[in-house]
Amino acid sequence: MGCKNVMVYVETAEGKPVNVGLEMLTAAKEVAEKVTAVVIGAADAAATAIAYGADDAITVDAAEYNTEAYAAIVAELVKKYAPEMLFVGATPNGKDLGARVAAKLKAGCVTDVIGMKEADGKIVLTAPLYGGTIYSDVTVEGTIVAIIRGGVFKKVDEPDTAKEGAITAETVEIADLRAKIVNSVQEISESVNLEEAEIIVAGGRGVGSAENYELVKELAKLLGGVVGATRPVIEEGWVSRAHQVGQSGKIVAPKLYIACGISGAAQHVSGITGSDYIVSINKDEDAPIFEISNIAIVGNCVDALKIMIEEVKKMQA
Amino acid sequence: MEILVCIKQVPDDSVNIKMNPATNAPDLDIATPIVNAFDTYALEMATRFKEAVGDSTITVVSVGPDKAKDAIKTCLAVGASKGYVVKADATDTISTADALAKAVAKIEEAEGVKFDIIFCGKESTDCASGQVGTMLAEDLDVPVVTNLVDIEKIDAGISAKQETEEGYNVVEVAMPCVVTVTKPEYEPRYPTIKSKMAARKIPIGELEIGDVVAPAVTVVANAEPPKKAAGVKINEETLEESMAMALGMMRDAKVL
Chain U
17 MGCKNVMVYV ETAEGKPVNV GLEMLTAAKE VAEKVTAVVI GAADAAATAI
67 AYGADDAITV DAAEYNTEAY AAIVAELVKK YAPEMLFVGA TPNGKDLGAR
117 VAAKLKAGCV TDVIGMKEAD GKIVLTAPLY GGTIYSDVTV EGTIVAIIRG
167 GVFKKVDEPD TAKEGAITAE TVEIADLRAK IVNSVQEISE SVNLEEAEII
217 VAGGRGVGSA ENYELVKELA KLLGGVVGAT RPVIEEGWVS RAHQVGQSGK
267 IVAPKLYIAC GISGAAQHVS GITGSDYIVS INKDEDAPIF EISNIAIVGN
317 CVDALKIMIE EVKKMQA
Chain H
2 MEILVCIKQV PDDSVNIKMN PATNAPDLDI ATPIVNAFDT YALEMATRFK
52 EAVGDSTITV VSVGPDKAKD AIKTCLAVGA SKGYVVKADA TDTISTADAL
102 AKAVAKIEEA EGVKFDIIFC GKESTDCASG QVGTMLAEDL DVPVVTNLVD
152 IEKIDAGISA KQETEEGYNV VEVAMPCVVT VTKPEYEPRY PTIKSKMAAR
202 KIPIGELEIG DVVAPAVTVV ANAEPPKKAA GVKINEETLE ESMAMALGMM
252 RDAKVL
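As they're listed, the protein sequences go chains U and H. Once you know that position 176 of the first sequence is 192 in my numbering, the rest is easy, because the numbers rise by one and skip nothing. Once you know that position 71 of the second sequence is 72 in my numbering, the rest is easy, because the numbers rise by one and skip nothing.
Don't read these hints as lab results, they were simulated from the structure. Check each hint, because a few of them may be wrong.
[What the hints assert, rightly or not] Covered stretches of chain U (chain H as the covering partner; in silico rule of three or more C-beta atoms under 8 Å from a C-beta of chain H):
#1 41-51
#2 144-156
#3 321-327
A virtual CB, placed ideally from N, CA and C, is assigned to each residue, including glycine.
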């Protein structure tokens with residue numbers, strides 16, 4: 017259906033495809049007859065991309081990520097191979113890259129794509145507007161650059177490592193880079209995998225203090241889950257921004273999402289609606305989070321956390 | 002130094018936008034038009050940059066309707082000293098970036114200046130595409146650094162502190178350049194009565210820029226996201242009872 021070929025830029029981290037890179041291959045297979053993965057500076061990832069659904073792959077040798085260089089490479093490949101659509105994952109680098117490639121090609125570009133369908137022979141892309149309170153369906157004239165949100169499409173469960181596909185090495189000349197990264201500082205050393213978490217325990221401003229936030233962390237640890245947070249919590253500095261869930265953080269889809277002292281601003285809610293089961297605790301009976309919760313508990317979230325921690329400990333004893 | 006700050010007027014993002022059934026379009030009348038939050042950070046960073054390097058002028062530009070002048074007025078009270086509104090048939094990102102690039106040329110011609118640095122918010126709170134600053138840089142053929150939390154003037158140009166997922170990069174780039182700004186550690190300043198009075202006296206230029214690149218993206222439908230059905234609300238006499246009930250239900254649902 018849809019279109020003949022889609023090019024998917026598979027971003028890598030330490031030589032391995034990032035999740036959204038593999039998720040997009042699933043989405044691409046649904047709309048295109050042929051899916052070509054592009055990997056830059058990480059040739060080994062091409063085979064992984066093929067195992068996860070790409071029909072073939074293009075590798076380009078390059079130093080580590082730099083938007084100017086990578087955008088020049090991807091734009092050249094789009095010109096040469098003329099795919100109808102280019103998919104890029106909506107990571108911070110991916111958003112920069114997609115916009116820059118689109119500007120080079122004067123192509124229509126849609127960020128945070130959360131849905132894709134075909135209507136009247138055209139591809140219709142869905143993206144959130146106004147903090148996720150409105151979903152907008154758009155069509156694009158000409159080549160489409162779709163920057164796809166992570167966690168929306170599922171990467172295949174069982175990659176087919178026996179699958180064969182052509183891997184072509186391309187060379188693209190890069191002009192001198194004007195913006196130079198002179199130092200890269202890692203401040204956040206913990207790895208926080210919210211996107212793949214089955215259980216998330218998240219807190220909002222209602223948790224009240226960094227000290228109380230330890231209870232959120234304790235419950236998450238007991239349940240084998242991951243700690244989430246709203247933007248105000250990040251701004252208070254109770255946890256690092258790697259934990260942020262929502263429009264400007266991570267979009268999550270766990271089996272269980274426990275929301276403690278989170279009122280439910282649209283920007284947060286739009287990031288958690290993919291959760292299977294939401295339990296929320298808030299002292300405000302009218303908190304908007306209750307409207308999307310399977311269980312809504314009216315009460316003090318700090319006391320509720322303490323009770324839940326004791327109960328879970330008993331269950332596990 | 003000549004500094005340009007690109008801003009967008011957006012509906013107040015603390016208001017939940019809903020569909021208006023009568024028009025079948027998002028009901029924006031319920032939200033006050035304000036300056037996009039990330040653009041206020043961009044202006045504040047630009048103003049601090051101006052104060053640090055001295056002898057500089059900040060001009061603000063916005064592609065939008067007449068009422069976008071209100072947004073520009075707000076900026077003129079907190080650091081900017083000149084303002085322009087650009088009328089253009091720009092409904093997507095490539096056309097908006099093209100309109101801004103053409104506006105830059107027009108303003109430079111009108112004022113007899115060359116902009117050294119252009120600040121944009123990293124994204125707008127309404128569309129959140131985060132594309133325009135990067136596209137503008139590409140159109141102007143100048144380098145861009147995105148997601149700044151701090152900036153410093155160095156001999157070779159600027160040194161930018163760029164937020165990343167794990168920390169930050171220090172990026173050095175020569176001017177002219179474009180930078181996009183995310184939330185820094187400081188808050189934008191408030192206007193004073195005096196600065197508001199002064200801002201009111203500054204005329205806002207209107208720019209006609211002629212044709213821009215045809216928009217490629219067309220909205221075909223808008224809708225509110227599908228609602229997740231609300232479940233059970235528990236509000237027993239004591240929290241212990243409420244929690245016992247909730248935990249029982251969670252066990253029954255096999256989520257614990």
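Here is how each hint holds up against the structure:
no., hint, result
1, 41-51, "violated (count 0)"
2, 144-156, "holds (count 13)"
3, 321-327, "holds (count 3)"
Checked against the numbered hints given earlier, the structure breaks only hint 1 and satisfies all the rest.
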